[in-house]
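Visitor: Sequence:
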Amino acid sequence: MGYSGAQSSSLLKDFLRKSGGVAIIDGGLATELERHGADLNDPLWSAKCLLTSPHLIRLVHLDYLEAGADIIITASYQATIQGFEAKGFSSEESEGMLRRSVEIACEARDIYYERCKAGASDINNDIRVLKQRPILVAASVGSYGAYLADGSEYSGNYGDEVTLETLKDFHRKRVQVVAESGADLIAFETIPNKVEAQAYAMLLEEENIKIPAWFSFNSKDGINVVSGDSLLECASIAESCGKVAAVGINCTPPRFIHGSILSVKKVSSKPILIYPNSGESYDADLKEWVQNTGVSDEDFVSYVNKWCERVFESNFVGRRSIVKERFSKKYRHPSLDSKLTLKRLNASKFGAGSKMHDKGKATWVSTPVLYAVDPLLHTLTFEYVEGHSVKDVFLEFGLHGVVEERMDDIATQIGDAIGKLHDGGLIHGDLTTSNMLIRNGTNQVVLIDFGLSFTSSLPEDKAVDLYVLERALLSMHSSCGNVMDRVLAAYRKSSKQWSSTMNKLAQGATLLPYLNSSSDRPYRGGGVFSEPGANRETINLTIIWNSKSLTMDLKFQHTYVKLLAFDLLSLAQTPSLSSSDPIFFSRLGKSLSRAEILGIVTTRDHKPNKFLKFTIDDGTGCISCILWLNQLTSPYFSRRSPPDVRLIADMAAHFASEIKIGVVARVRGRISSYRGAVQITVSDVVIERDPNAEIFHWLNCIKLARNCYGVAAPCK
1 MGYSGAQSSS LLKDFLRKSG GVAIIDGGLA TELERHGADL NDPLWSAKCL
51 LTSPHLIRLV HLDYLEAGAD IIITASYQAT IQGFEAKGFS SEESEGMLRR
101 SVEIACEARD IYYERCKAGA SDINNDIRVL KQRPILVAAS VGSYGAYLAD
151 GSEYSGNYGD EVTLETLKDF HRKRVQVVAE SGADLIAFET IPNKVEAQAY
201 AMLLEEENIK IPAWFSFNSK DGINVVSGDS LLECASIAES CGKVAAVGIN
251 CTPPRFIHGS ILSVKKVSSK PILIYPNSGE SYDADLKEWV QNTGVSDEDF
301 VSYVNKWCER VFESNFVGRR SIVKERFSKK YRHPSLDSKL TLKRLNASKF
351 GAGSKMHDKG KATWVSTPVL YAVDPLLHTL TFEYVEGHSV KDVFLEFGLH
401 GVVEERMDDI ATQIGDAIGK LHDGGLIHGD LTTSNMLIRN GTNQVVLIDF
451 GLSFTSSLPE DKAVDLYVLE RALLSMHSSC GNVMDRVLAA YRKSSKQWSS
501 TMNKLAQGAT LLPYLNSSSD RPYRGGGVFS EPGANRETIN LTIIWNSKSL
551 TMDLKFQHTY VKLLAFDLLS LAQTPSLSSS DPIFFSRLGK SLSRAEILGI
601 VTTRDHKPNK FLKFTIDDGT GCISCILWLN QLTSPYFSRR SPPDVRLIAD
651 MAAHFASEIK IGVVARVRGR ISSYRGAVQI TVSDVVIERD PNAEIFHWLN
701 CIKLARNCYG VAAPCK
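Anchor point for the sequence shown: position 265 equals 265 in UniProt numbering, and the numbering is continuous, going up by one each time.
Treat the hints with caution; some may be incorrect.
[What the hints assert, rightly or not] With a cut-off of at most 25 Å between alpha-carbon atoms, the simulated DSS-like pairs for lysine-lysine come out as follows:
#1 Lys607 <-> Lys131
#2 Lys265 <-> Lys173
#3 Lys496 <-> Lys420
#4 Lys613 <-> Lys660
#5 Lys266 <-> Lys13
#6 Lys131 <-> Lys13
#7 Lys660 <-> Lys607
#8 Lys660 <-> Lys610
#9 Lys13 <-> Lys420
#10 Lys420 <-> Lys117
#11 Lys87 <-> Lys168
#12 Lys13 <-> Lys210
[What the hints assert, rightly or not] Between beta-carbon pairs, the in silico distance windows are:
#13 Arg319 <-> Ser269: 21 to 29 Å
#14 Tyr113 <-> Glu92: 45 to 53 Å
#15 Ser91 <-> Gln573: 25 to 33 Å
#16 Glu239 <-> Tyr384: 17 to 25 Å
#17 Glu165 <-> Thr633: 51 to 59 Å
#18 Asp42 <-> Ser230: 31 to 39 Å
#19 Arg670 <-> Tyr113: 37 to 45 Å
#20 Ala118 <-> Asp169: 41 to 49 Å
#21 Ile223 <-> Ser269: 16 to 24 Å
#22 Gln573 <-> Pro642: 45 to 53 Å
Honestly, the hints are just simulated from the structure, not real lab data.
Glycine included, every Cβ here is placed at the ideal spot set by N, Cα and C.
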């Protein structure tokens, strides 16, 4: 007799409770397989590795488990009995391949648990600290379109000849096999239309499947699935099936996830799972992925914070409303958690008031109307604002071209609202385009999410508010032009105290080198070159480059160029014929090969004896840096003498030990490309103990450059 709906749901709820309320699903299996050298150019896609390289599948599963995944998904998404039979395998062999996909995942879990035990018993080990925790194996079942491998899984259009019965017959044996293979649950992924969801739900009941399942849909806009069917209707099918323990969204751009979550919550009380893509969309005609809109790691973290909020659509005295819960964080001490939760609740309550007072004069800023506050349940009930976020609107501009009048209007409204907010003594604390809505009908900018707001009249606090917005615009909306200039122009008109705030903003900005005194402002994109043999502590730089005045001397083409992240990310990339340097990097026609960047370390991913990958944020953007730690095992270093290799390995290990989240680091290395994105392959790291020293470092760069070219300092 199969599990009842309550039993299936209980299994996943118990797992979530043991995981602290939130569980982490692994990432893109195919992406990591390709990174390890697998060739997936086949209708079977990642399932091809079940035939050619199952050890790589196990390796990727282990990588995700060591990275902290609580649920690993098998390599059976595109593994179908029909697909294997088309390769010449018998039905029995095809079923064996499906079972093998689950066995490999279970083997990886067992190996991980053994490593946990070994790590706990060896106090002197230097490997990653592994955490013994509950881990689930989810058997992946892809859509009918995935089997067709024609892109229809991203359109949901199978043609009139494919009926409900056709889909049930296609999936039936496959579902039976994976359900009896030892998996903990079945993951029905990337469901593109309503009829396939119905087929899955009916199969679960008809075949009396004994393990729970989840349904995961891909959406094109946060409202409908890719076929155009209503996401509400699709989620309702999952909600009504007792065998389905969770409902979610996958293979969907991050900007549509929050809307999808709200849609699912309207009809389902089951746990919600989300695992989006990085912003791409699939072109079924070209049969390729269209380049994404630039979702950086920082942007993704910002999205995740929104997804993890408990936000529900509701009805308040006949009015459509949004209920936001400031829920308890289990990782915090109870007394601290209570204070912080109440503090953010009060901040949201204060910030939501649209009327503030400045010396008796009323100042109005558009925010959602606050209907109710419940201090016991830690909830706030707001007016439901119909409209898109400014982030989504700007991203659409970036994709389809800038409408200047519309951009000017939005930027002017933003600057005007912030000016009034600051003059009223309120600092928003999280001014990003995600926290601004455009109200339908009136096109009015509405500020939301005042959970980090506080009262202050200090120009420093106001400048930081503006700086946060500038970073958000630079990292996400650079294709929309210099929106920040328009925002600041409106801010000057709106705020009575704009002068002191702007002075602080200018003081806090990165000191940019410039030589051309005729310009009324520094060029935001200069760079400094240093001699490769310079002393590490002083880094005596010898030449400065400004695209508005000087061009780089060719004799410096192999020196380190000091650029801002904003400029590094915009370097032109050209394929070369060299195997050692497959990509040429250039700026304004000048080739570059090495770079230096300084900023704060914001992420850190350490693979012992392999590499350390970290991110440097210098205020204009984020640059990925990779420090290789495999010198003792890499064939590349086998040609060198062992003492030299050991010296290099020791130095790399020393750098890795110093690179910690939050430190100010100056990083040098070769400019390289990984999956089309610029990164720095690290050769040298200096941890800046005194941030003030960096200011003198920049000033010295400018002085040396002027001496080198005989350029006089601009007159005051």
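Visitor: Please flag the earlier hints that this structure goes against, numbers listed from lowest up.
Guide: 2, 9, 10, 14, 15, 22
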